[in-house]
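Colleague: Here is what each chain is made of, one letter per residue.
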Amino acid sequence: MSSVIAYPTNFAIIFVAATLVGYIAHRLGQPTIVSYILTGVILGPVGLNIVVEEGLVEIMSSLGLGFLLFLLGIKMHFDEIKEIFRPIVNIAGSQILLQQSLAFLVAYLLGFPLWQAFVIGLCTIFGATPVIVKVLTDKDEIRTLPGRINVGVLIGQDIYLVIALALLSIGTLAEPLEVATTVVKILILIAAISIVTIVSSRYVLPKIFKKIADNKEVFFLFTIAWAFLFIYASKRLELSIEVGAFLAGLGLAQLPYSRELEDRIKPITDFFILVFFSSIGLRLVADELFYYWKEAVIASIILVFGNFLIMFYLIYKEDFSVKTSFIGSINMIQVSEFSLVVGALAVAQGFIEIEVLGYLSLMALMTMSASTYIIANNHKIYERVKHLFERLDTERKDVDLKKYSGHAVIVGYDDLAEKLVPLLEEHFEHVLILDNNAEKIEKLDRRGLDNIYGDFRYGEVRRALNLKDASFVFSSIPDIDLNSILLDNVGPSTKVFIECEWEELSDRLHEMGADHVLLINEVSILQLFKYVEDHLNEMDRKEKTIDQEKGGEIKDGR
Amino acid sequence: MAVELAEPVMDLAILFIIIGGLLLISNKLSLPSIPIFILAGIIAGFFIEQENIFELARWGVAFLVFAFGVSVDFKEIKTVLWESEYAVSIQILIIGSLCIIIGLMLGFDNINALYFAAAVILSSTMVGFKLAGHAGKSRLVRGRLSETIQFTDDILAVFLILFLGSVSIRGLSPIPILRNLVIGIILLVIAMLIYNYGFEYIVSLAGGSEELSLMSSISLLIVFLSISEYFGISIAVGAFIAGLAVKIEPVSSTELLNGIESIKYFFSAIFFAMLGGLLTIPSLQTVLISLVLVLLVVFIKPLFTILILLWEGFDIRTSALTGFRLNQMSEFTLIIAIEGFLLGIIILELFDAIILAVVVTMIISSITIRKEEQIFDKIFKRMNVDYPAKRIDNKSVVQPGLKNHIIILGYGRQGKKLVDICRSKGLDFLVIENDPVKLEELEKECENYVFGDAMYDYTWEKSSIDNAKVVISTIHKDIVSKKLLEMDIDCPVVPKAHTMEMTREYFEKGAFYVNNPNILVYRFLEEKVNEEVVQD
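Protein chains in written order, with the numbering used here: chain Z, 1 to 558; chain W, 1 to 536.
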């Protein structure tokens, strides 16, 4: 007798299969997204045809897309691209135009009717944000200059994507006036929601999050509730959920907790996104997928080179160096999975035929697969081909992140570290403090101390600390593996002090190169005993003196 | 089409918006979250179609129990089961039987009485941890004790689910029970094999991709769920065993744990909300049953636990405070209830009553755990304070004529270090400790020790404090430190503090010195830093 009901097998099969395919894809260096789509293709009508998209799968699918955009919104740290804001706007705007035109041209020349070619152009524009962001993050390059240009341009495209989706959901293009009014209405609504986002981000959210930051569950669920609030509102206003979710995320992106939020939202997004991309694959039927395969291959090749050149030109034009321009462009040469999202919507609305979605899917699959290898080896490729760009001005140097040198670093701002700061300030010009607790960071801000809000686990955060150029490092992290990483990353002349509770770990830490391991319990008790003994002796001496005096008095007969 | 919004997603949105709103309010009041979810479910019930979120709610059960299983170490279970306090077994037997009798008196049939009893005896590790705000294991005796008891209860709960799942309307019969048990054991064996040989390999294949590690853990869950499903075992059992198979390396798996936890939060909230949605307007009978449940859980269960612990040899304070912590009902109770309900075994009134009782007891518990000391004082102050004297005498060893000794409060790492120092300097010392687990060590390693709670005057009397040279405390509990400072004695006192404010406060109140490890280590650190920097 089954207990809490038979749970749907479709979802189960998709999930397990996608995980398996994901493993294989990972070994081959492919992004998981590609493998999910492939899973859908294998399991669906094109392949084994054992799974259908129904109930639970649909729900999870919708949630997947919503959360993906929510996550995207959260990742938009405007302050990171503030410095390069103006160039970004130029690049993004021009890129959208140029790439769209190129895609349109290619499609038209390949034989697609005018209108379809236009929609294809609309769909093929996007760089694959998850792919790029993931690969770059894995390589710790997301904070580099090319990385940030990519992120900036992707942000621009995402905004465009959101508007495009909103537009496409209007429906059939009946009369121009109707279209125009709907467009205006949409833009106004988006603006309205954006204002709500900005206002709450400034005034409401920080207060709320400060109160709930310490309770993991409440923190997480409130974030989810926030996303759903916007999703609900935007659906009610007849915008798509993607717009709502994205704007919800945007509101949260500027808070100091955004990294924490990303951390928490990512797993559940991964969970749903698997289903989403699988279901895209599910929806394809073989003849639909391969109907335009020749065109897809040709288009892919042309677009890859074309997009690269467009991006290179645009970035270079903004006075960035050749290397930055090259790396920045080569990271962006793929057709995004969002093209499939937009394409799916376009099919639903009758703008294009389903075979065209197949064309887009093939292009996406091919370019995404190729680009993962290319991005992973972007620097190597640059080294190979840079001689081709010699005649361009290679004198340009780009300023990267500000980095300290000869500074003191504190990892983990506990009570001991707090006392240590004044002492360090006497000896070192810069003291940089890392902590992942929002309240402590606030305290540090108030005291005017240089700090970074983040978790030492992340490579990006460690890079920001520039450990190898530091003169002094104090670590209060209890985790021995993290301390081991820390010791690996410091320079040969860096002095490292590690706070440690366990005697057993002390030897290991010394072996790994720590200069001083502070065994809290041992040291504190030794010191305590010393002080107590001293004070007691002091007390004894005083008493003896008083006794002697008293004794003297008595002797004198008083 | 994914881009069209499925109606269920809108319903889900409404539910979470309500949850979000309620959580903000409840967070101010420091209320536990489960009652909030249930409440949200009740409210949302007016606006949404329950069926839409039903399937998602099931995943709530699965992930809830899966996460619990993941957090449990195979080794822990063995230790707990072999070395469990008698308290747990007796608690289960006595209280369980009592509850079955009460249940029968209330008019339930055998099966319902069984469910009734199960609802009372299970306390929860998960809830207990959340309420007490623990990040890790408790260092105080009472914390450790209540954790052990609750943990054993949780394991018991899983067995109960397995057992009760084999019950049908026709009643209990040995064959289905045995069958379920056998299947459960087979699954357990598979899980153990995976834990020992398979899981690390799977994770290494993932090559550092957190996403894949997470997905494979969930796939593991799904596979076990399928197997359970196929054999008609509760998915809660399958999920738990799947969780056991997941091996967590403390360092490298934090991402994995975070991921599972986040997903758990999402789905379990939906599950609890669904329970709220299933509630009907309570009848008189429901309220009555609820009341009895609450009384049993809040008063009778703690009372029995306290008595049992006293009988085992714990002092009144530890016993009482441990007992207090068990005054709630478990999340497992809810799972057992929903299963019973869906199988049509338990009556609606009992189902509703259980949910109501869980909400009430969880709220009560969250309040009492914050005020446990005050409650203890109110109740037991008037009781005989000499009661512990005999116990203390029985278990302590103090050399006659002991004087000018150093009294060390607490035999933990710091305490032991102090003992070492004293011994190396040939100084007399006496250790005060109240954790029975340390009794053997004390016997072996200390010439003088008093087994008693620092809050009792007699403990100090026994320690010959009037003749002592100094008292050094290694216990950083404010009430203990305050007790030290408030006692009317000549002996210098060194309480322990972890913060600057407390340190200052203690000095103001007359402390001879303060054992603040941070300050002490800092002095040491300061020396070393100056040395190092000067060298450059």
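Any given hint might turn out to be false.
Derived CB-CB ranges, DEER-like [as the list claims (entries may be wrong)]: (1) W:196 <-> Z:450: 43 to 49 angstroms; (2) Z:538 <-> W:426: 17 to 23 angstroms; (3) Z:548 <-> W:424: 30 to 36 angstroms; (4) Z:427 <-> W:436: 28 to 34 angstroms; (5) W:299 <-> Z:210: 48 to 54 angstroms; (6) Z:207 <-> W:445: 52 to 58 angstroms.
Hints were generated in silico from the structure; no laboratory data involved. Beta carbons are placed, not taken as given, at the ideal position from N, Cα and C, and that holds for glycine.
Colleague: Now tell me, hint by hint, if it's right for this structure.
Modeller: How the hints compare with the structure:
1. W:196 <-> Z:450: 43 to 49 angstroms: 47 angstroms, holds
2. Z:538 <-> W:426: 17 to 23 angstroms: 21 angstroms, holds
3. Z:548 <-> W:424: 30 to 36 angstroms: 32 angstroms, holds
4. Z:427 <-> W:436: 28 to 34 angstroms: 50 angstroms, violated
5. W:299 <-> Z:210: 48 to 54 angstroms: Between residue 299 of chain W and residue 210 of chain Z, where Cβ atoms are some 39 angstroms apart, the hint is violated.
6. Z:207 <-> W:445: 52 to 58 angstroms: The hinted range 52 to 58 angstroms holds for residue 207 of chain Z and residue 445 of chain W, with Cβ atoms some 54 angstroms apart.
In summary, the numbered hints that this structure violates are 4, 5.
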